[in-house]
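In order, the protein sequences belong to chains B and H. First residue of the first sequence? That's 33 in our numbering, and the numbers climb one at a time after it. First residue of the second sequence? That's 33 in our numbering, and the numbers climb one at a time after it.
These are calculated hints, taken from the structure and not from any lab test. Owing to the predicted nature of the structure, the values given are computational and were not obtained by experimental measurement. Among these hints, one or two may not hold up.
[Unchecked claim] Straight-line distance between alpha carbons at most 27 Å, and here's what the computed BS3-like set of lysine-lysine pairs gives:
id : chain 1 : residue 1 : chain 2 : residue 2
1  : H       : K558      : B       : K225
2  : H       : K429      : H       : K400
3  : H       : K165      : H       : K382
4  : B       : K334      : B       : K400
5  : H       : K382      : H       : K162
6  : H       : K390      : H       : K333
7  : B       : K400      : B       : K333
8  : H       : K225      : B       : K558
9  : B       : K334      : B       : K390
10 : B       : K558      : H       : K558
11 : B       : K225      : H       : K530
12 : H       : K429      : H       : K382
13 : B       : K515      : B       : K530
14 : H       : K225      : H       : K334
15 : H       : K429      : H       : K333
16 : B       : K95       : H       : K558
17 : B       : K275      : H       : K225
18 : H       : K225      : B       : K530
19 : B       : K558      : H       : K101
20 : B       : K275      : B       : K334
21 : H       : K95       : B       : K558
22 : B       : K101      : H       : K558
23 : H       : K275      : B       : K225
[Said to hold, decoys possible] From the derived model, a few chain H residues whose C-beta atoms are all more than 12 Å from chain B:
id : residue
24 : H49
25 : A50
26 : R66
27 : S76
28 : K275
29 : T310
30 : K333
31 : R383
32 : A392
33 : K395
34 : L409
35 : P413
36 : R437
37 : D441
38 : I459
Where a beta carbon is used, it is the ideal one built from N, C-alpha and C, also for glycine.
Protein chains: 2
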Amino acid sequence: MSEHTVNLPDEMVGELHAVLGHEHVCTSPAELDRYSRCTIPWQSYCAGVIFPASADEVSQVVKIATRHKIPLWMFSSGRNWGYGTTLATESGGLVMILQRMNRILEVNEELAYAVIEPGVTYEQLNAHLKQEKYGLWADCIDGTSQGSVIGNALDRGVGETPYGDHFGNLCGMEVVLPDGEIIHTGGALSGSKTWHVHKWGVGPYLEGLFSQSNLGIVTRSGIWLMPRPEAYNSYVFELREEKHLSQVLDAFRRLALQGVVTTKLHMINDFVSLSILTQRIHEDVSHDERLSASELAGLRKKYGVSAWSCGGGIYGTREQVRLQRRLLRKALSSYGRLIFLSDRGLVFIKRLISWSWKHAALKSVVEKLSGTSLLVLDSAPHLHNILQGIPTDYFVKHAYFRNRRSRPDQDIDPARDRCGLIWFAPILPYTTQEILPYLDASRQNFENYGFDFYVAMLLLNPRAVICLMGIIYDKDDVDEAAKAEQLYDELLSDMRVKQYQQYRAGLPAWERIFEAAPEILSLNNKIKSALDPDNILAPGRYGIDGQS
Amino acid sequence: MSEHTVNLPDEMVGELHAVLGHEHVCTSPAELDRYSRCTIPWQSYCAGVIFPASADEVSQVVKIATRHKIPLWMFSSGRNWGYGTTLATESGGLVMILQRMNRILEVNEELAYAVIEPGVTYEQLNAHLKQEKYGLWADCIDGTSQGSVIGNALDRGVGETPYGDHFGNLCGMEVVLPDGEIIHTGGALSGSKTWHVHKWGVGPYLEGLFSQSNLGIVTRSGIWLMPRPEAYNSYVFELREEKHLSQVLDAFRRLALQGVVTTKLHMINDFVSLSILTQRIHEDVSHDERLSASELAGLRKKYGVSAWSCGGGIYGTREQVRLQRRLLRKALSSYGRLIFLSDRGLVFIKRLISWSWKHAALKSVVEKLSGTSLLVLDSAPHLHNILQGIPTDYFVKHAYFRNRRSRPDQDIDPARDRCGLIWFAPILPYTTQEILPYLDASRQNFENYGFDFYVAMLLLNPRAVICLMGIIYDKDDVDEAAKAEQLYDELLSDMRVKQYQQYRAGLPAWERIFEAAPEILSLNNKIKSALDPDNILAPGRYGIDGQS
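For reference, chain B alone in the conformation it holds in the complex (with noise of 0.2 Å):
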């Protein structure tokens, strides 16, 4: 199917303008071309976008949707790049984007979270909890920050501090169904004083049903927040030699059971640090195939990049973070660096910084003492920053590597911009026998397909590791666009066979996904046509379509 060439009926969209007005149902074709990008490859054209302001409007919304047999794609902001963004499996649908409904219904200091809307952003939450001087830090992701809080959680999106299982913390839902009814899960639409205290409700627990899913369209949530601690310090930790990646592996599963680690740690390789910190084009790459072994040495070299790094953050009263930072040391010192920073000592390296940039002498002099470069030293305080919920744009850089032109200083849109990128996220338990012959496959799988081997191990919790790669090619280029396509379904292919399974799937993986549980599908299904007989929203959204 190709570019608009499916319309809505006109009776619909008379519709849609009554109950949402004009200005809020988009069809003309440069709006339709914005909401069908994607750095994915894959392409879909959807026929209408429309931007509700209420549960109200949405439940209208769902019903027009379903009177004219119009699939209804829904999305809290849709910045999901490489996994879909606003993409819908086929084109012809109708996209729902809810950022309008960006309100902050409630700040509860006492008790210690919030309620919000689909719409607000990472940057919204947390510059408001700042504003009004809450005591109170809200988790973020290390991506975009204006994704939607309630968007990446449904998606079971995995953020920085210890209230990063975004999912896991979200407490009391509001829901529109698809036959356009409202409820409240976990409490009740006539009044619930626990609606966002207690997670499991009465009865069976239903909140589960609307993430990773197509059964209702989640219009408000409870989300858990953390009290600011009365001391928090970020940390780096860096290998030192690559052939002791399993013992710090090991240290860091022992450090996470014990809960001494908390924040859901993210292990990147080199080649992850280099895709922040510059482009292709500007390091004179000539050839089109990956970086070989020597260039990939030779800039971990010229930036001062370790193989493998991460960071964390500990957090208490300062007795309690000074014991954790001597537990850390304990563990991994052997190993590699590591480094702590205070909020004191982030404003002293910020200043640093910024001088030595002026400064080439004291650059030089910074650079040989710190064993490092300027440019990843300009890392320290954002990370500082996502590890206290700060959102910031500086690690979504990394999608713009193998693009041709070079990326914005501000306002990153990878999507806009063309870019190339799929996330592909399996879960292995946490234990070096599984992961590191995991890793070794995997990178020859991209080597094999000529592709930089990007990898991020994420801490999901102490018994379960995320091991996200991210394919990063041209999307200019259409041989190699169709390379990347090869490569993730190799990838998912492999990982049927170690049966592993995805924490969150993009697009193309949901033909897929359940090829291994065809009786999870099936009883997915059973719960969908229960739903939604008529299969009007997000038909094959992780799979499920209600057919049997």
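Position chain H relative to chain B; hints supplied.
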């Protein structure tokens, strides 16, 4: 419907015999009577009791029950005293008890989880971990040691340690659906290495559907275990003056939000303590009313019981435990007595108690110095045990408080012994503005109906508290049983007006459970109808019966 008026169809019994063997199908009056007993004022009679040995047998039984349209009520071990044990909403059903499925299928020490069947009891799991010298602890309840680990978790029971959110620590279930199909939630029948380490799985999170419900039968599950810490202390806090309850509750909330208090703290009132220590018959209470204020004060003095007390645990490295001790002292010492007990201290205390029971002089010195009774000191080792997951029947003795027969020393079984006990367990937001007036109103309700006010506040999470109330009544007294029912109804109504809900509900509450949220009941029933169109599995459990 009266006793034994309904029999199972002969043909059905024959089919059950064929699948399970004669010895695992019970239809004799004595056996049916045994499984028709509970401590609540409710009576229904089952028509048969069966004991399958595998998921396959369970699956076949489900199909048999569906063919004959006989309701099938599944219980893991059926020791859910005070909520319903093995009773059904109506007589004539087939009760299925999974106690024969008691295999511990796997213990993974590195990743700190076990995989068990629903018949595995707290006692069994803990003994196994000790015996095989795993460095892992399994949480338990302060109820019966013979309770089912999975059964309690599916009913979303609350334990003691940092792993006390029992449902929250289940990961990866095998479930028999109402059509007899077997699924692996969060995994795949074909095998999945992340089945027991990644809680949410991929696609909608479905495990919630099988808790507090009747949508499937869980036949095995992964359960996350706590790595044995380097150091551990239990502690007891006794409030000095009741007027400081508010400050203490605030302090504990802050400590919980900070992660210093990680256990499921039980703050119990004087009557709870007394009901464990003694029985009315032994106190020669001559009247039938509740204890008067002066009788209660006398007993408090006699046994050295505080108006409010609680116990918790702290875990970590030696330094971490020392630091937590300091933080607790700082927050609580001005409001009462805070006593820490280490494993070493425990050995000493146990010896001292044992000697003191034998030597009256020593007893009086110890009681004087400790400012409490030897009976109260007796509880310390039990508390120290359950806070590391070692179960005990010690605390269940409270159920016998109004029983006219002396309670047994061993083999505590309140249902068999005709104890009267109903649990009522509303959740409140964890603020003193909510809790204190509610305690007053509830106490008034108890007094109005002539019952002793039994309340334990359980720290469900840092944002929510369960006010667990026990209506302890004389089951041999028809009038008192009627009054117990009336009080329960009154508490339910009052809870609804105040917009709280139960964290877990007994059989007598099911009909009214979604009174305030018919929209949630309707959603549950839609799902029930889709999965169990004949309404065979436990019809009416948690109010769900597939009717719209």
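Structure-based check of each hint:
1. H:K558 to B:K225: holds (26 Å)
2. H:K429 to H:K400: holds (26 Å)
3. H:K165 to H:K382: holds (24 Å)
4. B:K334 to B:K400: OK: K334 (chain B) and K400 (chain B) at ~12 Å, within 27 Å.
5. H:K382 to H:K162: This hinted pair holds, its Cα atoms lying about 20 Å apart.
6. H:K390 to H:K333: holds (23 Å)
7. B:K400 to B:K333: The given pair, whose Cα atoms are some 12 Å apart, holds under the 27 Å limit.
8. H:K225 to B:K558: This hinted pair holds, its Cα atoms lying about 26 Å apart.
9. B:K334 to B:K390: Distance ~20 Å between K334 (chain B) and K390 (chain B) Cα, so the pair holds.
10. B:K558 to H:K558: holds (11 Å)
11. B:K225 to H:K530: holds (8 Å)
12. H:K429 to H:K382: Measuring from Cα to Cα gives roughly 20 Å; hence the hint holds.
13. B:K515 to B:K530: The hint holds at about 22 Å.
14. H:K225 to H:K334: Between K225 (chain H) and K334 (chain H) the Cα gap is close to 57 Å, so the pair fails against 27 Å, i.e. violated.
15. H:K429 to H:K333: holds (21 Å)
16. B:K95 to H:K558: holds (19 Å)
17. B:K275 to H:K225: holds (25 Å)
18. H:K225 to B:K530: Answer holds: K225 (chain H) to K530 (chain B) is near 8 Å, not above 27 Å.
19. B:K558 to H:K101: holds (22 Å)
20. B:K275 to B:K334: holds (22 Å)
21. H:K95 to B:K558: holds (19 Å)
22. B:K101 to H:K558: holds (22 Å)
23. H:K275 to B:K225: holds (25 Å)
24. H49: The claim stands: H49 (chain H) keeps its Cβ more than 12 Å from every Cβ of chain B (closest is about 29 Å).
25. A50: Check passes; 26 Å lies beyond 12 Å.
26. R66: holds (29 Å)
27. S76: Correct as stated: the minimum Cβ-Cβ distance to chain B is 21 Å, above 12 Å.
28. K275: holds (21 Å)
29. T310: holds (34 Å)
30. K333: Label holds. Min Cβ-Cβ 36 Å, cutoff 12 Å.
31. R383: holds (31 Å)
32. A392: holds (46 Å)
33. K395: holds (40 Å)
34. L409: holds (31 Å)
35. P413: holds (26 Å)
36. R437: holds (35 Å)
37. D441: Non-interface label stands for D441 (chain H): nearest chain B Cβ at 37 Å, farther than 12 Å.
38. I459: violated (5 Å)
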